[in-house]
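Asker: Here the protein sequences line up with chains A and B, keeping their order. Just so you know, we're using numbering that gives the first Met the number 0 here: the first sequence kicks off at 0 and counts up by one. Just so you know, we're using numbering that gives the first Met the number 0 here: the second sequence kicks off at 0 and counts up by one.
What the hints contain is simulated information worked out from the structure, not anything from laboratory work.
Distance condition first, Cα-Cα at most 25 Å in a straight line; then the derived DMTMM-like pairs of lysine to aspartate or glutamate: (1) A:LYS514 with A:GLU571; (2) A:LYS562 with B:ASP115; (3) B:LYS146 with A:ASP96; (4) A:LYS562 with B:GLU49; (5) B:LYS104 with B:ASP14; (6) A:LYS494 with B:GLU41; (7) B:LYS72 with B:GLU22; (8) B:LYS146 with A:ASP297.
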Amino acid sequence: MATTLETSPLLQSRLPSGPIETAWDRARFEMKLVNPANKRKYSIIVVGTGLAGGSAAATLAELGYQVKCFCFQDSPRRAHSIAAQGGINAAKNYQNDGDSIYRLFYDTVKGGDFRAREANVYRLAQISVNIIDQCVAQGVPFAREYGGVLDNRSFGGAQVSRTFYARGQTGQQLLLGAYQALERQIGLGQVQMYPRTEMLDLIVIDGRARGIVTRNLITGQIEVHLADAVVLGTGGYGNVFYLSTNAKGSNCTAIWRAYKRGALFGNPCFTQIHPTCIPVSGDYQSKLTLMSESLRNDGRIWVPRRKGDMRPPNQIPEEERDYYLEERYPSFGNLVPRDVASRAAKAVCDGGRGVGPHGLGVYLDFSDAIRRLGEKTIRERYGNLFEMYELITGDNPYQVPMRIYPAIHYTMGGLWVDYHLMSTIPGLFVIGEANFSDHGANRLGASALMQGLADGYFILPYTMGDYLASAKLDKVSVDHPACKEAAGAVQERIKRLLSIQGKRTVDSFHRELGKLLWDECGMARNARGLRQALARIPEIREEFWRNVNVLGGNEELNQSLEKAGRVADYFELAELMCLDALERDESCGGHFREEHQTPEGEAQRDDERFCFVSAWQYTGEGKQPALHREPLEFHYVKPSQRSYK
Amino acid sequence: MRLILHVWRQKSPNDEGRMVRYETNHADPHMSFLEMLDVLNEELISNGEEPIAFDHDCREGICGSCGFMINGKAHGGHPGTTVCQLHMRHFKDGDELYLEPWRAKAFPVLKDLVVDRSAFDRIIAAGGFISVRTGSAPDGNDILVPKEAADRAMDAAQCIGCGACVASCPNASASLFVGAKISHLGSLPQGKPEQEIRAMRMVAQMNEELFGTCTNLGECEATCPKHIPLEVIARMNRDYLAASWKHR
Chain A
0 MATTLETSPL
10 LQSRLPSGPI
20 ETAWDRARFE
30 MKLVNPANKR
40 KYSIIVVGTG
50 LAGGSAAATL
60 AELGYQVKCF
70 CFQDSPRRAH
80 SIAAQGGINA
90 AKNYQNDGDS
100 IYRLFYDTVK
110 GGDFRAREAN
120 VYRLAQISVN
130 IIDQCVAQGV
140 PFAREYGGVL
150 DNRSFGGAQV
160 SRTFYARGQT
170 GQQLLLGAYQ
180 ALERQIGLGQ
190 VQMYPRTEML
200 DLIVIDGRAR
210 GIVTRNLITG
220 QIEVHLADAV
230 VLGTGGYGNV
240 FYLSTNAKGS
250 NCTAIWRAYK
260 RGALFGNPCF
270 TQIHPTCIPV
280 SGDYQSKLTL
290 MSESLRNDGR
300 IWVPRRKGDM
310 RPPNQIPEEE
320 RDYYLEERYP
330 SFGNLVPRDV
340 ASRAAKAVCD
350 GGRGVGPHGL
360 GVYLDFSDAI
370 RRLGEKTIRE
380 RYGNLFEMYE
390 LITGDNPYQV
400 PMRIYPAIHY
410 TMGGLWVDYH
420 LMSTIPGLFV
430 IGEANFSDHG
440 ANRLGASALM
450 QGLADGYFIL
460 PYTMGDYLAS
470 AKLDKVSVDH
480 PACKEAAGAV
490 QERIKRLLSI
500 QGKRTVDSFH
510 RELGKLLWDE
520 CGMARNARGL
530 RQALARIPEI
540 REEFWRNVNV
550 LGGNEELNQS
560 LEKAGRVADY
570 FELAELMCLD
580 ALERDESCGG
590 HFREEHQTPE
600 GEAQRDDERF
610 CFVSAWQYTG
620 EGKQPALHRE
630 PLEFHYVKPS
640 QRSYK
Chain B
0 MRLILHVWRQ
10 KSPNDEGRMV
20 RYETNHADPH
30 MSFLEMLDVL
40 NEELISNGEE
50 PIAFDHDCRE
60 GICGSCGFMI
70 NGKAHGGHPG
80 TTVCQLHMRH
90 FKDGDELYLE
100 PWRAKAFPVL
110 KDLVVDRSAF
120 DRIIAAGGFI
130 SVRTGSAPDG
140 NDILVPKEAA
150 DRAMDAAQCI
160 GCGACVASCP
170 NASASLFVGA
180 KISHLGSLPQ
190 GKPEQEIRAM
200 RMVAQMNEEL
210 FGTCTNLGEC
220 EATCPKHIPL
230 EVIARMNRDY
240 LAASWKHR
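I would like the entire structure built from these sequences, with the hints used as guidance.
Answerer: As structure tokens, then:
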């Protein structure tokens, strides 16, 4: 493909050359190693204890590095990876159904709508098989067949069964595996664990990441922690929308602080809307609950054919139901990728055929599957999900169809990293959802767990060694001016938030921002709306800093203060997201610009102009960030219009 | 809906703490219990009163962060339900509710309804794992696991570490929590090599953390939001007994 784009000199992606199949092997061989006896002389900070951070901290400690690990939750076991339900992909081809590393690679590049790096994705597909082995050995109770071998299911966007699962709690079980490995290292004294501790700034000395500033969430104490390298596995920023499937505490502060210290932010507008969530029930709604995509394997999605049909679902005869995904996409049916399924749901609801009290919902119906397979089988596959649905809605999905609607779920964007998972700040590594790297403009189901664990168990431990072995790192102390400056700035900001004593609560601002972002930078975006949002966000932010009310003090457990700091960062991030969405004048994957669609309403890419990663550089308070581009090249999977028909 | 709430307020670990009465008229049957508290907290902040602190995160019953006593019942006492999944439709207009933190010596109160459950982490660190280095694993299908064993392991592995079992036990015993991990790992062939040492170490740590002894009352099983069965405690006792016999 002809491209005239030049790579920004800031973005040295260190992609390996030569055949993709052996690229990672060659890259590993070329990496410098740290002598086993010397590893204990290096210290590494890992922030976040989800699949990425937890697995990285455990593995680095096993190798012999001294690890300090931080999480804001009361225990590393509670990181939000725990909530992932459906499964984890791996190219094992245990089902003999034609899967291969190349096919997983192909599906992921295509699913990401050709906005991810081929080399990264290929490596991910290769490593996927090791992850399953590792997790099995740790005692993750994956589903089994009667003969004792591992069971698989198929998942959105794939035509093979390559998803491994532990009932509807795969994320929980994988995370507990990583958590137990981490606790083992804590018990051995290789990891110092700091729970209920939030990172509030990054310390950069001589151009290298050398530490973090933290707040102890119980005592309010501000502390400086120094190390030879810093790893952020702090997850995504979906909560910028206020309502999302993320845990309430999930936040962007760690990556945003790193951005403001010079790390470039990749593709901030690439957010994923998940098609199967429980619809909003009222103004008080505090979060949205996901119903695993695996439900689409056996559930059929439909709405009434007639607008405003208020009959209960079981009274609507078969011929008056519109199974719109099955009709429109006969080969993938209900298993089309998330972005496609979400937009289709929005379209039928916008057309007045949505179901439920607010008309923002579609049915996900299991009656056919129950008739075909029996209730017992369905219970075995999805029992806990059905239970969860009933707890929340009061409806029993064995008897009445579920109602679902799309919600913000995952952010493909994140800090820009090279092939070594290092950001533009040397010594700052970013792993898992916090980086931008492997999913392009849309992530396929069951790929997030795969990426988090690939980064933490199998990639970072190598690339970290290469960095430490080649970097010349001077000793640094907490008396360094950079430490004092960063800690001082954190204290200043806290003081400022506490001194405003205005009239509005933190949540009220967060809701207002979230609503605006959902309307203008959500499932569908257009230039006019994005410009309006860009004008409006600074106004709300200005009011926030003038009129927010944060009660209590710093030297105590103060949940309002924690939230206030995070929301202040969301305001800035929201602006960058809108700017990126406006700048990317094409549709791709989850980024749907209404101006760019095919006659059938599918996302229309513009590979001539936008086949690149947008990486934004902070240039100072109140200044427009600078856009850097990393062109993407496709040597193996030829970019084409995605078709799931 | 109108509700009268009596909530444990305690500013810090050393503060004495007391019950404080609140009234709210803004509860709605479709809200979750925590959303009702969110709304109450918004009201409190608007009146210049500090909001009630409570742990919570995923709000879908899996992270195990949330949990407190409602009228003396952990998580409110509905089967298979964490407090974040408990909906207000289970209550009626005019109800009077008493909210208290988990009470156990091993779970000191940090603030209001927030307690310190790090004792659980220390028990896992003592032995709740399979020692396998990254990269040293055989192929996943080299280890065959009968479906029944995998299912049994999964039943126990569902524990979310919320602490409801401890809070509801008159002895503040952590046996259900510890037994769940011992059963999960011990049901699988991968967990066999360390089965005995695991039981020895975890039980020793449990005692060191000042959790009480199990006297088979079964309150833990009745209250567990993940239906962890009481039999995991029998399993723990069996493994522990066998191990102590051998390692005398």
